[in-house]
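Engineer: Sequence:
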Amino acid sequence: MEEIKAMDLESKDLVAERIEQMKALFPEIVVEGDGSIDFEKLRLILGDEVEEGDERYAFTWPGKADAIRQSQTVSTATLRPCPENSVNWDTTHNL
0 MEEIKAMDLE SKDLVAERIE QMKALFPEIV VEGDGSIDFE KLRLILGDEV EEGDERYAFT
60 WPGKADAIRQ SQTVSTATLR PCPENSVNWD TTHNL
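In numbering that gives the first Met the number 0, the protein residues as written are 0 to 94.
You may find that some hints are simply not true.
Subject to a maximum C-alpha distance of 20 Å in a straight line, what follows is the list of computed SDA-like cross-link-like pairs (lysine to any residue) [to be verified]:
#1 40 to 21
#2 11 to 74
#3 11 to 65
#4 63 to 73
#5 11 to 70
#6 22 to 36
#7 22 to 43
#8 63 to 14
#9 11 to 22
#10 11 to 49
#11 40 to 11
#12 22 to 49
#13 22 to 52
#14 40 to 18
#15 22 to 41
#16 40 to 52
#17 11 to 71
#18 22 to 46
#19 40 to 29
#20 11 to 76
#21 11 to 66
Simulated from the structure, these hints should not be mistaken for lab results.
Assemble the whole structure, with the sequences as input and the hints as a guide.
Structural biologist: See the structure below:
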């Protein structure tokens with residue numbers, strides 16, 4: 000019989016994961032002592048690939064920056080199905 004394994008009840012910390020990936024790709028951008036990222040050094044490394052200035056097209060709206068910040072926070076919330084409030088629960092084939 001298979002053993003049931005407990006699931007991690009917390010979402011991934013995507014920001015920390017991305018920072019670690021950046022540190023692995025560009026170890027020279029890590030500030031000695033506190034381990035933070037030197038974005039000026041990263042900008043120098045990337046050279047012409049860094050977009051500077053205010054002139055560009057963008058899809059934006061009020062609250063977009065806050066929505067991005069909220070999407071990157073660690074969550075312990077869980078979505079649970081509610082068959083009694085669902086429409087055609089047995090036939091929708093939705094997960």
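Engineer: For each hint, tell me whether it holds in the structure or not.
Structural biologist: Outcome of the hint check:
1. 40 to 21: Between residue 40 and residue 21 the Cα gap is close to 12 Å, so the pair holds against 20 Å.
2. 11 to 74: holds, 8 Å
3. 11 to 65: With Cα atoms ~19 Å apart, residue 11 and residue 65 stay inside 20 Å; holds.
4. 63 to 73: The hint holds at about 18 Å.
5. 11 to 70: holds, 11 Å
6. 22 to 36: holds, 8 Å
7. 22 to 43: Status holds; Cα separation ~15 Å.
8. 63 to 14: holds, 17 Å
9. 11 to 22: OK: residue 11 and residue 22 at ~18 Å, within 20 Å.
10. 11 to 49: violated, 28 Å
11. 40 to 11: violated, 28 Å
12. 22 to 49: holds, 18 Å
13. 22 to 52: Outside the cut-off at roughly 26 Å; violated.
14. 40 to 18: The given pair, whose Cα atoms are some 15 Å apart, holds under the 20 Å limit.
15. 22 to 41: Between residue 22 and residue 41 the Cα gap is close to 10 Å, so the pair holds against 20 Å.
16. 40 to 52: This hinted pair holds, its Cα atoms lying about 18 Å apart.
17. 11 to 71: holds, 9 Å
18. 22 to 46: Roughly 18 Å separates the two Cα atoms, so the pair holds.
19. 40 to 29: Answer holds: residue 40 to residue 29 is near 9 Å, not above 20 Å.
20. 11 to 76: holds, 12 Å
21. 11 to 66: Given that 20 Å is the threshold and the Cα spacing comes to 17 Å, the pair holds.
Checked against the numbered hints listed earlier, the structure breaks hints 10, 11 and 13; every other hint is satisfied.
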